[in-house]
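Colleague: Below, each chain spelled out in residue letters.
Number of protein chains: 2
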Amino acid sequence: MNIPEEVTIIEVGPRDGLQNEKNQVPTEAKVAFIKALKNAGIKEMELTSFVSPKWVPQMSDAKDVIEAGLDSDRNFVLAPNRKGIDRIYDTDVKHVAVFVGVSSSFNKKNINKTTEESMNELQPIIKELKEKGYFVRACISTSFYCPYEGKIDPVDTVALCSQFVEFGVDELSVADTVGMANPLESYELFDRLHNNLGDKVLLTGHFHDTRGMALANIYACLQAGITRFDSSSGGLGGCPFSPGATGNVATEDVVFMLEQMGIRTGISLTGIAEAVDIINPHISRPIGTESSHD
Amino acid sequence: MNIPEEVTIIEVGPRDGLQNEKNQVPTEAKVAFIKALKNAGIKEMELTSFVSPKWVPQMSDAKDVIEAGLDSDRNFVLAPNRKGIDRIYDTDVKHVAVFVGVSSSFNKKNINKTTEESMNELQPIIKELKEKGYFVRACISTSFYCPYEGKIDPVDTVALCSQFVEFGVDELSVADTVGMANPLESYELFDRLHNNLGDKVLLTGHFHDTRGMALANIYACLQAGITRFDSSSGGLGGCPFSPGATGNVATEDVVFMLEQMGIRTGISLTGIAEAVDIINPHISRPIGTESSHD
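Residue numbers (the working numbering), protein chains in the order written: chain A, 1 to 294; chain B, 1 to 294.
Any given hint could turn out to be false.
Repeated chains share a single entry, so a pair holds when one copy, or any two copies, can fit it.
Below are the SDA-like pairs computed for lysine to any residue, each with C-alpha atoms no more than 25 Å apart in a straight line [unchecked claim]:
no. : residue 1 : residue 2
1   : 151       : 259
2   : 132       : 66
3   : 38        : 70
None of these hints come from the bench; they were simulated from the model. Computed from a prediction, not measured in an experiment: that's the story for all the values here.
Use the sequences and the hints to build the structure in full.
Modeller: Here's what the structure looks like:
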């Protein structure tokens, strides 16, 4: 099997992982967590998001987190709309994440717009961001399954991804939001994306471990030529629909598997464990730590 | 990719899963669990084991479990030595499991014999069992890694498996006892076993989910032509070295992935959830249930 020598991990714990945490995590803890992740070797990270503090109070300290966390790495800040983008312009952030669901029902539940409405809003925003020299990451949710619509036609996912490439994004993070994708589906979708768009955009797999399939899906993606994966240290970020269930695949599990396979990640497992130990006391549900795996 | 249309699950919960449970599980609960698993569609199962009741009091009711659980399916009873085999002869059991570790250190810690001593003892036993018409399953532990010796040379695992085939066993259950195998290693070992022994013996993969890699390993084994997997409902049977850590891969996770991939297992997820609900109150650590995955 043709496997890559190196894989890039995009750590999403500080943003995607904390976004649904019901405890208000102190800003200092977030900053310490971020710094520990960087010490562990993380070079790309979702730092925080500019969402409405009314809807997501957890992210109300975004500006402080950015100020403390920004450095020369790829530090993404999520902005779901025009308002968020305008707040980006007030900072030194250079890497912006936008998101949209392939499923219109999901998109509507999340941001009260159809997928088409979101795309119409995003097109000029992305054009503007690119003209200003920003790196744009598009997070594609419900790429395989939707909690409301069920199975998503891969043709629709590929079409949406292609549209984003036309808009000029630099990266597509293609997500199995509900953790239902199986490795055959992952291989098929990512093989198609790799063949159609692989030379025009960075392709990133984003998997949830809800049914224990995350690493199987990542393995299948490696076989399809994918070398970038989102993950969350400690598996932070349970699916909000399923209390106690695992959500984002844990960074330590991905790194362990890859390194065992002889694939370099540049990330220290001890370092990740230290980062998890910092954030753990602030999280309302038990989260995985490297040490619980020994 | 060439994937099989059908896969056989060998349920190991009642034996391997319960063996290290510190609560003494009432015999009636075990029997109800076994019957529920059969109702769910399980056709091959490790029922119990004839080990010393002094060392493993959990299995002291083996005879009663066998009496209640035997039917026309493949119901395995584990017998680690001559004494256990003699007890098998006093029952109507027709499917016997024996075990040995590729790692001599592991084997010695478990049954106080080197691997070679175990093989010397097992050779005449297996010959006798085959002459009497028994089905013999050999469980090969530490096939990839050993907690004492570290990485195991696949050459040694293949050699031990070949020796068992010469002895006349019907099935090899090749286990990643410590949950450290990665999918590349699984593919390599099982591809080799499949090519060398696949026409002479049933080959079964036995994986632990300690590091979240079980389903990735099973997916890799499917690619190597393997169509039989051990699993434990509810993920029963944590690794005794690691309290709270997941051990055996959960039957419901394997079945879910396979069925989603269009591979028939003949097993009902609802039925497995019902079986887990029966055994759950008797288990000292929280175990996974299908419903916690929804």
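Colleague: Work down the list of hints and note, for each, if the structure agrees.
Modeller: Going down the list of hints, with the structure as the test:
| no. | hint | in the structure |
| --- | --- | --- |
| 1 | 151 x 259 | between (33 Å within a copy, 14 Å between copies) |
| 2 | 132 x 66 | within (19 Å within a copy, 73 Å between copies) |
| 3 | 38 x 70 | within (11 Å within a copy, 57 Å between copies) |
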